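Asks: One-letter residues, chain by chain:
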Amino acid sequence: MSALSGGHGSELAGDVARYGHGSRIPGWDDAVDLSKDPAGIPDPALTPVPAELRARIEASMAKYPDFRSAAIPALHAAQELHGWCSPEAIEQVACVMRLTPAYLTAVATFYDMFSTVPVGRNAVYVCTNISCSLRGADKLYAAMQEAAGDDPDLNVRAFECLGACDIAPMASVNGAYVGPLDLPDAETIVAQLRAGEEILPEKQLLRRKVADPRAASGGDAGDTGSAPADVPPASAEAEHNASAAKAPDADHSDAADRLFPDEDSDA
Amino acid sequence: MTELLLFRDIDEPGLATIDVYKRRGGYESLERALRMPREEVLQNLLDSGLRGRGGAGFAMGKKVSFLPKGAIDKYLVCNADESEPGTFKDRELMQKSPHMLVEGMIIAAYAADANRSFIYIRGEYEQQAEILDRAIAEAEAAGYLGERILGSDHSQSLVLHRGAGAYICGEETGLLDSLEGKRGNPRLKPPFPANQGLYQGPTLINNVETLATVPTIIALGGAEYAKLGTDTSTGTKLVSVSGNVQRPGNYEIELGIPSREIVYGLAGGPERGRDVKLWFPGGSSSPVLLREDLDLPYDFDSMAKAGSMLGSGAIIVVDDSVRVVDVALKLAKFYRHESCGKCTPCREGTNWTVKMLQRVESGEATPMDLDIIASVQDQIIGNCLCVLGDAMAMPVASMVAKFRDEFEAHIEERRAQLGLGVPTEPTPLEVVGAMH
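For the protein sequence lines, the chains are W and G, in the order given. If you're matching positions, the first sequence starts at 725 in my numbering and goes up one per residue. If you're matching positions, the second sequence starts at 935 in my numbering and goes up one per residue.
These are computed hints drawn from the structure, not numbers from a lab. Be aware that one or more of the hints could be misleading.
With a straight-line Cα cutoff of 25 angstroms, these simulated SDA-like cross-link-like pairs (lysine to any residue) come out [stated by the list, open to error]:
(1) G/K1336 with G/V1321
(2) G/K1116 with W/T833
(3) G/K956 with G/R1082
(4) G/K1116 with W/Y827
(5) W/K787 with G/Q1134
(6) G/K1116 with W/V841
(7) W/K787 with G/A1238
(8) G/K1116 with W/E815
(9) W/K787 with G/V1321
(10) G/K1336 with G/A1238
(11) W/K787 with G/N1049
(12) G/K1276 with W/A826
These numbers were taken from a predicted model, which means no experiment stands behind them.
This is chain G alone, in the form it adopts within the complex:
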């Protein structure tokens, strides 16, 4: 196991204060970065190969380089909405090491030449918001924020903005609308935020963990950081392990270690006598993987190759005592509740998926309903402005595909309990009727 980078001093008492943070080497990276030309800082970010830790896994340096050059108002927004079920790594970072995020944001803003920055934190994180507010005030008092920081030509303001409870505001354009004081509806892309984002200005949006990693990259040097992890998934990653494991929590791992080592080695696996039935490798939006997939290396590409995704790095483990029907229904209800309603496939698709899964649950369904569920998911994916609909469609479709036998057995069992007898397949005419 490698050395800890983000979690090195995480439980140091008082790390949330600027004094302790500086004593542990904090803000040294910032001083170093501000002595470099902006291009060199950007080159370090590019060299590091750091991929976004929020879910999409897009190369952070590349994102910075997309921002247009020149003297226009540019913005940096930190996405601290963290509402993907199963994810709680940013909360831990903000709560225990808020200055790491502040420092990373100043360096990233310097590289992007952005002078207004915002942290959009989800409304439920009241305690974390207070801690961050204090940290920002301390950084301002110490001269790390404001005009001409540490004598350089870089000026920056940082405002903490609390949301009010909406999953969709974790989607970058929904977040921007929410930050502009509107309902958090996602926008049509393109234009991408790098060109037209907050207040129509070029905007860099990154996740908390991504930005908090920036000081480490400057300290080590981009090329050195890239030696950690695999070729295409560099560095360390915080993983949030939850669900049916004995030691749920946040762990810092080097990307590319076997998934089993995380689920069993670190988190202790399911309790004795139970086995992993399925697991979500990257939050509830990622297609589920099975027990045998635990041998896969945990990195962006291996997860993608297995038909899932690393997402936000939130591993949810479900053991064999749980019915997959319940898991699918629970998920679908979440996405139905959180759909903003702007795009029809998502608004209607999530609603109908819930209704069909309720039929499956209650035994009113026939196996053909499972086919309809699968086809509805197909019609959601790729057909909306944002990926919220996809985020339900992918895991639900994967569960129906991988556990079809269990779904069918469940229907039969329920029908037997209710004395409904063997389901009869409807005639083609009824099928057409059911679809309209």
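Excised from the complex, chain W in its bound form:
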């Protein structure tokens, strides 16, 4: 039983991915084939590894006193190449790192960002933790799922706190944080992803100023050295006013029933 297929359409949709019995390990009740030996470290002669992937993994391994530390960076690299931590991807990492596939599978299944089942290449993580839910994240997640439909290229999933409660409700679209999002933004994000455009440039976290009004030193935009400074200058004060003015109808109108609208039961 692989209860969760990661993305939308899973039987526990609406909830952060979780397996039936309560832990994270897929296939926990699959019968073991006792006629097979456990897989050993893959034979380099029989395991073709793309040169670029090999180079990235080896570079990671060289950075640490113990090469095993590179397991997570290596899995990130493999997932980037293959789209998910497929048996083939795990095999290739295992071959370069001289570890067993079982060891790497154990690592990959522990972390939320690694997927051991096929998922869409575009990752849309909608934060549905407490602070975002207080500002309508559950409805946003539903809207995002609806906008994505059954596009196999999109991996829309609810995620635990992404650490951006200041722009709640928010989402991480292929690693880029955007928010605060309104319901119509869901359609826009999907359209922009399909068109390969930048996602909601005006709602990018990187272009946002610190909330503390005393930190407004007068500079405009360009928080990072290389980020394009093409956002219209706005003082932190003006931004406050804008978000404060927007807050009442955008966030709170029917908070009582919009908060956590469709709680599933585990039964």
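Fit chain G to the given chain W structure using the hints.
Replies: For chain G alone, kept in the frame of chain W given last:
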């Protein structure tokens, strides 16, 4: 209000580059520290009274002094996993002022005589990781990292390590296991990381904000820094205010100011017509406080005295339009999802708490379930290797205790809606059955 220390130049365009950072006085503290003997740097940290900003609030200088002396491989690890719900201050610092963290790490490593250092950043912070990577490369090129930094006898390497999404990796020993390339399961303590941490070597682990404060301490002098804040909670603190407030975001405050000033003065409070129902003073793991507690000073000891904690400095405000049952259930689900499963009380306790709260939500529960919920929380606290279970048990128990009437009213209301009638208390035999 005091002057800003960490946020002074935070929105300066290009602060993430080494040129702008140096123009604003960056790396001067490092040069100063490297001219001092290690003991003097450590003394400054001790004098500053700086308490860890990640959640536990342990004195940073003391932590440094716990590391054994001598020529062995020692490690400094920066905990940038920041996954406590409601916390987003480290993200802001790393994204906008990455060199402040790098500088602080070099000074702290010098004080601890550690020459290998790591930043463990949560996998979701991809953009911040890129910015930090650039900053580290710049610092290396400028000679602030590497062999014999600025002609001193201190050498240091710094590696940025991206995680892959697991709350438990913010726990220091879970983080170490994850950094060693394993599943992020917490370890048994003792031995503490100061003696046996990363790769079994002595390891100093500090939060981003703690380390980013170090250059300021060296610039001001430890004793001078200690004059800020209260006697036992010195300095300034970044607070992340979120939830039902009009201006959510990060604010730098002097520890000890009234909490009301943060929630209402800075963050604007709930929208008009709404009132604060409850608030988490230090992330979702802290026991909840009520409206009247807003008059408490916001510092480590006042929060502890009120039965909660300052934690990571993440204030989550919940207004009176929200049902407490929903909040409790949402939280419990989070901790159930994030429990690593190593210790039974946490793995099972979080799961059963969710199931019981779902019964409360749906109206199947009786008021006795609330007692069982409370007793389950009791059995989690203190019984696991790490505090993840406690982190659910404490807020949930506090909500059940402080809002018991609302929980009961909710059960009754739901039962009435479903036509279930008044709940009957089970017989003692059924109670025993339900507990097994």
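Asks: Each hint: holds or not?
Replies: For each hint, the structure was consulted:
1. G/K1336 with G/V1321: Distance of about 22 angstroms is within 25 angstroms: holds.
2. G/K1116 with W/T833: holds (11 angstroms)
3. G/K956 with G/R1082: holds (20 angstroms)
4. G/K1116 with W/Y827: holds (8 angstroms)
5. W/K787 with G/Q1134: Roughly 18 angstroms between the alpha carbons, so the hint for W/K787 and G/Q1134 holds.
6. G/K1116 with W/V841: holds (20 angstroms)
7. W/K787 with G/A1238: violated (41 angstroms)
8. G/K1116 with W/E815: holds (17 angstroms)
9. W/K787 with G/V1321: Not OK: W/K787 and G/V1321 at ~31 angstroms, beyond 25 angstroms, violated.
10. G/K1336 with G/A1238: holds (17 angstroms)
11. W/K787 with G/N1049: holds (14 angstroms)
12. G/K1276 with W/A826: holds (19 angstroms)
Hint compliance for this structure: hints 7, 9 are not met, and every other hint is.
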